[in-house]
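A.B. asks: Protein chains in written order, with the numbering used here: chain A, 8 to 260; chain B, 8 to 260; chain C, 8 to 260; chain D, 0 to 240; chain E, 0 to 240; chain F, 0 to 240.
It is worth saying that the hints were derived from the structure and are not from the lab.
All C-beta atoms, glycine included, are put in the ideal place defined by N, C-alpha and C.
A couple of the hints might just be wrong.
[Stated by the list, open to error] In silico lysine-lysine, BS3-like type, Cα no more than 25 angstroms apart, as pairs:
(1) Lys7(F) - Lys64(E)
(2) Lys35(C) - Lys237(F)
(3) Lys130(A) - Lys35(B)
(4) Lys64(D) - Lys117(E)
(5) Lys253(B) - Lys130(A)
(6) Lys33(A) - Lys6(D)
(7) Lys166(C) - Lys7(F)
(8) Lys234(E) - Lys35(B)
(9) Lys64(C) - Lys128(A)
(10) Lys253(A) - Lys206(F)
(11) Lys19(C) - Lys198(C)
(12) Lys206(E) - Lys250(C)
(13) Lys253(C) - Lys206(E)
(14) Lys217(D) - Lys198(B)
(15) Lys234(E) - Lys198(C)
(16) Lys7(E) - Lys128(C)
(17) Lys166(A) - Lys7(D)
(18) Lys217(F) - Lys198(A)
(19) Lys166(C) - Lys234(F)
(20) Lys33(A) - Lys217(D)
(21) Lys243(C) - Lys221(E)
(22) Lys221(D) - Lys243(B)
(23) Lys253(B) - Lys206(D)
(24) Lys117(D) - Lys128(B)
(25) Lys6(D) - Lys166(A)
(26) Lys128(A) - Lys166(C)
(27) Lys166(A) - Lys128(B)
(28) Lys243(A) - Lys206(F)
(29) Lys7(D) - Lys250(B)
(30) Lys7(E) - Lys166(B)
(31) Lys64(E) - Lys64(F)
(32) Lys64(F) - Lys33(C)
[Claimed, not checked] Only part of the chain B face toward chain D is listed, based on derived beta-carbon distances under 7 angstroms:
(33) Leu78
(34) Glu114
(35) Leu228
(36) Phe238
(37) Glu242
(38) Lys243
(39) Met247
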Amino acid sequence: MRERYAYELIQKGMRIDERKFDEFRKIKIRTDVSNKAEGSAHVTLGETQVIAGVKLKTGEPYPDTPNEGTLIVNAEFTPLASPDFESGPPGEDAVELARVVDRGLRESHCLDLEKLCITPKEKVWTVFVDLHMINHQGNLLDASALAAITALHNSQVPKIEEDTIIRGEYVSKLPVVFTPVNVTVGKIEDKFILDPLIEEENILDSKLSVSVRDDDKICALQKMGEQGINFDDLEKMFDMAIKKSKELRKLVK
Amino acid sequence: MRERYAYELIQKGMRIDERKFDEFRKIKIRTDVSNKAEGSAHVTLGETQVIAGVKLKTGEPYPDTPNEGTLIVNAEFTPLASPDFESGPPGEDAVELARVVDRGLRESHCLDLEKLCITPKEKVWTVFVDLHMINHQGNLLDASALAAITALHNSQVPKIEEDTIIRGEYVSKLPVVFTPVNVTVGKIEDKFILDPLIEEENILDSKLSVSVRDDDKICALQKMGEQGINFDDLEKMFDMAIKKSKELRKLVK
Amino acid sequence: MRERYAYELIQKGMRIDERKFDEFRKIKIRTDVSNKAEGSAHVTLGETQVIAGVKLKTGEPYPDTPNEGTLIVNAEFTPLASPDFESGPPGEDAVELARVVDRGLRESHCLDLEKLCITPKEKVWTVFVDLHMINHQGNLLDASALAAITALHNSQVPKIEEDTIIRGEYVSKLPVVFTPVNVTVGKIEDKFILDPLIEEENILDSKLSVSVRDDDKICALQKMGEQGINFDDLEKMFDMAIKKSKELRKLVK
Amino acid sequence: MGHKSDKKLIVNGKRADGRELDQMRPIEMQIGLVNRANGSALVKFGDTHAIAAAYGPRELMPRHKQEADRGIIRTRYNMAPFSVDDRKAPGSDRRSTELSKVIRLALHPVVFVQDFPKATVDVYIEILQADGSTRVTGINAASLAMAAAGVPMTDLVTACSAGKIDGKLVSDLNGIEDNFGEADLGYAMIPSKNMVTLLQMDGALTKEELVTLLNMAKESCKKIYEMEMKVLKEKYEKALE
Amino acid sequence: MGHKSDKKLIVNGKRADGRELDQMRPIEMQIGLVNRANGSALVKFGDTHAIAAAYGPRELMPRHKQEADRGIIRTRYNMAPFSVDDRKAPGSDRRSTELSKVIRLALHPVVFVQDFPKATVDVYIEILQADGSTRVTGINAASLAMAAAGVPMTDLVTACSAGKIDGKLVSDLNGIEDNFGEADLGYAMIPSKNMVTLLQMDGALTKEELVTLLNMAKESCKKIYEMEMKVLKEKYEKALE
Amino acid sequence: MGHKSDKKLIVNGKRADGRELDQMRPIEMQIGLVNRANGSALVKFGDTHAIAAAYGPRELMPRHKQEADRGIIRTRYNMAPFSVDDRKAPGSDRRSTELSKVIRLALHPVVFVQDFPKATVDVYIEILQADGSTRVTGINAASLAMAAAGVPMTDLVTACSAGKIDGKLVSDLNGIEDNFGEADLGYAMIPSKNMVTLLQMDGALTKEELVTLLNMAKESCKKIYEMEMKVLKEKYEKALE
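Extracted from the complex, chain A is given alone in its bound form (with noise of 0.2 angstroms):
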């Protein structure tokens, strides 16, 4: 019902609640929600809600980047947000809003990883974020981004005494350099909209992720839906993307 409604609301430039085709919902980002992390931030997208916690914990540096820390994301689907989520291992949606969201943040090279090694060779901080869905209304993808760059924003480094992490005391802000920004486009026959509903979500023909960094350089793409994209549309998809995401980015803080 309220998909075909959006459906004849979209031909005819139109969108159910009235937004225009670039247009994101009304955002706010609360931080600092969860006292126990080392950051966070819950994000609301219209109706949509995703929390981003940050945890650290030391561990080995990966042979080939033994000067550097690493960074581990996470996303859970919790059958809390959504009566189509179910309890279990994160399934084939959970696993690649995770990767896309990571690969974002890795290419982006927002964290100054060389300044997360405690000793090279054998021990560095690992950065887990982990992202978990609180209310699924669409657009689960660039509330999660924006959620997970905020949280990074806002995390601290916490002290080390004899190889003790010491909860609650902190050294230093995490070293986060950079700000990417996901912009996901939706296409439906040959009109494109951003940050879509989830009813509009259910009849897109595609959709492409767009992770875009303060200088405006692509960092990530991933193309989703069942439908192929033309060609000749890509730039214009890009263009729509890197715009929008000026925009989100001054929310981050």
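Use these hints to put chains B, C, D, E and F onto chain A, whose structure you have.
C.D. replies: Chains B, C, D, E and F only, in chain A's frame:
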């Protein structure tokens, strides 16, 4: 059928097997029933049978208790023991039973864990108590707790030479200083029964598991079953459990 | 259909593909088929295809064999190879195949494991033999064993510098001292056949897998199938296997 | 319970966070938030934050698990990986398996399961921040979420913790009190019926101490019940406007 | 097999535990014990203790796994965590997966599966104490349990081990002989039909040694068969009293 | 992407393996091989070897997963344990889970799913040797396997990679270029429709670089398409003989 019969009898103050409400079935305890274990016990409670086996392994202490050994209780509802048990990872009932037995042992401080430290901060004994269900005719929990504490009482600490455990040679008894005992009180309407048969378990409104230490202190409680317990009945249930615990404790050697 | 036809032919002393009872299908063996592996072999047995890949990794020795490398055989019944195979963890048939091949290699002492010790008690080579099913047209076990021993014969030991494996550089051949070969004898009523097609496998009463070493010693046996084997038939089956093993061994280079 | 420690949990008759012995932490309750659910609630006991969402009654699948004459309740208690000091690996573990069960049984007595045969009510609890008493905070959130979802219920279930620290009996344990105290009681009840639906204790208590503690918990639950009724009432009044 | 060792397994023609080369350990058999099962048995080969329970024939669920014209047999071989020197983690592993399969196939030939279409016979084997030859001890227990359960069978399956240690062929390996010997044979048969239903060997044997070993195993099985018939007979006589 | 390294990937305008910037590695394609499948293909991009098999359309089980008005496609991307430098543990991981999904969606647009309601087409891809660009090599193999299986399709899907190394834009990354380069593009398209069905990029590129790279990938796909049509044609002609 049997359930209905059990229910009607209980209404009249009677039980299928002619026991009194506060009477346990006949208990038989055999120790040293598995010679590969550091200690073991086979408890027969009427037709219900449980084997507890204790194995010791060296491991690292928890960071917050660097001078103490550790205790792990695990329960297997083997499909052998009941047509209702299935192969596969432990279900919630097996997990709950193991955790309730664990709390009874742990909170009573029945093991002097400091004596199980080998090298502070580095190496301690981990005591595994494995509960193996053999035949389920009701009240697995009390039988399991009895098997666990008896097996611990009969366990020995293996010899270590050059970091290697010498299997079959022992240096001391396991330092057991208390004998917690578990008594589950079943409630059906306004009646309270001990040691329910499986047919009785199926018709109970609720159960309260009470773990009692030698000094009559209560070390663990767990309310089970789908119905609530009247607040004013709790004290009576504690009294029944404490009284019966003295009797059961005498059987542990 | 095909099964019924295969059965009737066998009754008359014939086979679908016109082979004799003790005749294998045409065997083709290619080596070095995966250049990331330390050694590999692709065995084609008629239409049946199996790839074996050998990878070496450093690890700790088992406590009871501190001066010996270790051997691990794993088999993947990839869903690619047969409409009857499914995605997911290995089922009992894959596990059995891997373990039978493992025993044939292990018990024949075909690898001089002492030569795979790097530092006694601390570091040894672990030899992984991964068996990957490509097309299942019967007799995967004999094809797998042949692929495994051929891959081992063609494997090399990587160079180690400062605890790091230098991929692509090798210091020696893997020390293979025997060439065990597996021959499975199928029984259908009073007939015995070798190298069964899949249609024949489906109608066999039972199978006996025999692993034979260069000196004609038998290193592993595994009886398979739902029916028993007459005690008095066993010796005949051993003889068939030993005889055929000499022929197959010539193909291993 | 029972970790040895030199930490003083009570100083000059007051607890480390400044509370009186029988004083609960500040409690906040909010209904709504998860609008995809049929009902949801956020409950905060000090720094412990639990959010719960209720779905259903909805058809239970697969069908062979349906019961012809009654519905079932399913619960999941889950801690966010970032809700604790050392990151918790995602997924269920033995603790969450047990808690999901006892929470289900704590809620069960108030639900008219015979009103929704073949169906299920699913209640999911996420702990976003953990500072002790997470399961009871979660039960309160779950109970409100179910009420907000319109699940047929006789009453609310209210829950709280109590315990013994530094030799004294206290209400509403926080994380440090839970870790270093001598006894910990988890408690839920249906106030209108005087029925206890969750009762877990670990520690070492005389029967007399235990009974006193239970009475403290009962008092706390009464206060919580009032707050819950208030927040529900506000919700309904707002809905009627 | 084949672990290098200086251990002498045979001294002055006798085995380390005092047995003659072709002597089995003391065998005990008991029927019953698990009264929730349709049939059960405990079998001890020296210090190896196996208990088995048989359930069924009972309806196979889920239904799409049923076979219209025959029943199926399911088996599970499992070692208790405390049955071995180093605690075994609970749950199945590759070894138990394989053994569960070969045990099922060892029992299958005696069962009239066509007598219980759409149904299953489930046989569970628990090793409570392991000192070698666990799978064959388990098969004997399973066979007795199935007979006691009244599963339609043509005969019993009997099983034993044999092997080569210190260059000699011996019957019924214990744990040390299994670990440090040169060859290990697992064997099961239907005595009345001279049919072999389990045959596993690892080691390195000439064909002649193997044939000799098989004959030893066959002899052992005959003795075991007599014991099994005796214990079953006693059971039935007792039941008729 | 973006591992720091002193490795020079381009020397004197040529890539380390001697290729020109826009040159693909030698490509081999072969149809058949897995005769148990309805269709299969082996595709080699240099030292990257992928084999794919397609099964179906065949009935989808369990039935409750069937869709009444259309079929579904299932894909599995899997690397052989010996296909990479450090042995890969068997089984799926997060990477293969994601790749299986994007490959399925890359193939989906050409398939007439409405032609096989309630059924599934299963496509399995095994990477036997991995030297970069495994997913796109796998897509080509999958597309050929589906065509060979007679799955109803509008066209082939063709796929290739491109990227940026040492500051230059290049076609068809090998393993080292993938690990130490600056950007990596995975690309699939339906040439006849100019439709992009796979698009993944990691790295850091200006929009202009990206557009150039996409045009390079498009050119590569055209060449691959010709090869694929040729090998299919040969196959059919051979079949008609």
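A.B. asks: Please work out if Lys33(A) and Lys6(D) have their alpha carbons no farther apart than 25 angstroms.
C.D. replies: Violated - the C-alpha atoms of Lys6(D) and Lys33(A) are around 47 angstroms apart, more than 25 angstroms.
A.B. asks: Within a Cα-Cα threshold of 25 angstroms, do Lys253(A) and Lys206(F) meet the stated pairing?
C.D. replies: holds, 15 angstroms
A.B. asks: Would you mind confirming whether the straight-line C-alpha gap from Lys35(C) to Lys237(F) stays at or under 25 angstroms?
C.D. replies: Holds, at roughly 23 angstroms.
A.B. asks: Is the straight-line distance between the alpha-carbon of Lys64(F) and that of Lys33(C) 25 angstroms or less?
C.D. replies: violated, 42 angstroms
A.B. asks: Regarding the pair Lys128(A) and Lys166(C), is the alpha-carbon distance no greater than 25 angstroms?
C.D. replies: Holds, because 21 angstroms separates the two Cα atoms, which is no more than 25 angstroms.
A.B. asks: Is the straight-line distance between the alpha-carbon of Lys221(D) and that of Lys243(B) 25 angstroms or less?
C.D. replies: Between Lys221(D) and Lys243(B) the Cα gap is close to 23 angstroms, so the pair holds against 25 angstroms.
A.B. asks: Does Lys217(D) pair with Lys198(B) here, judged by a C-alpha cut-off of 25 angstroms?
C.D. replies: holds, 23 angstroms
A.B. asks: Below or equal to 25 angstroms on CA atoms is what counts here, so check Lys234(E) against Lys198(C).
C.D. replies: violated, 41 angstroms
A.B. asks: Is it true that the CA of Lys166(A) sits at most 25 angstroms from the CA of Lys7(D)?
C.D. replies: holds, 24 angstroms
A.B. asks: Mind checking the alpha carbons of Lys206(E) and Lys250(C) for me, to see if they're no more than 25 angstroms apart?
C.D. replies: holds, 12 angstroms
A.B. asks: Taken at face value, is the distance from the CA of Lys206(D) to the CA of Lys253(B) at most 25 angstroms?
C.D. replies: holds, 15 angstroms
A.B. asks: Do the numbers back the hint for Leu228(B), that is, is its least Cβ distance to chain D under 7 angstroms?
C.D. replies: It holds, given that the least Cβ distance between Leu228(B) and chain D is near 4 angstroms, below 7 angstroms.
The structure is inconsistent with the numbered hints 1, 3, 5, 6, 15, 19, 20, 24, 29, 32, 33, 38 and 39, although it conforms to all the rest.
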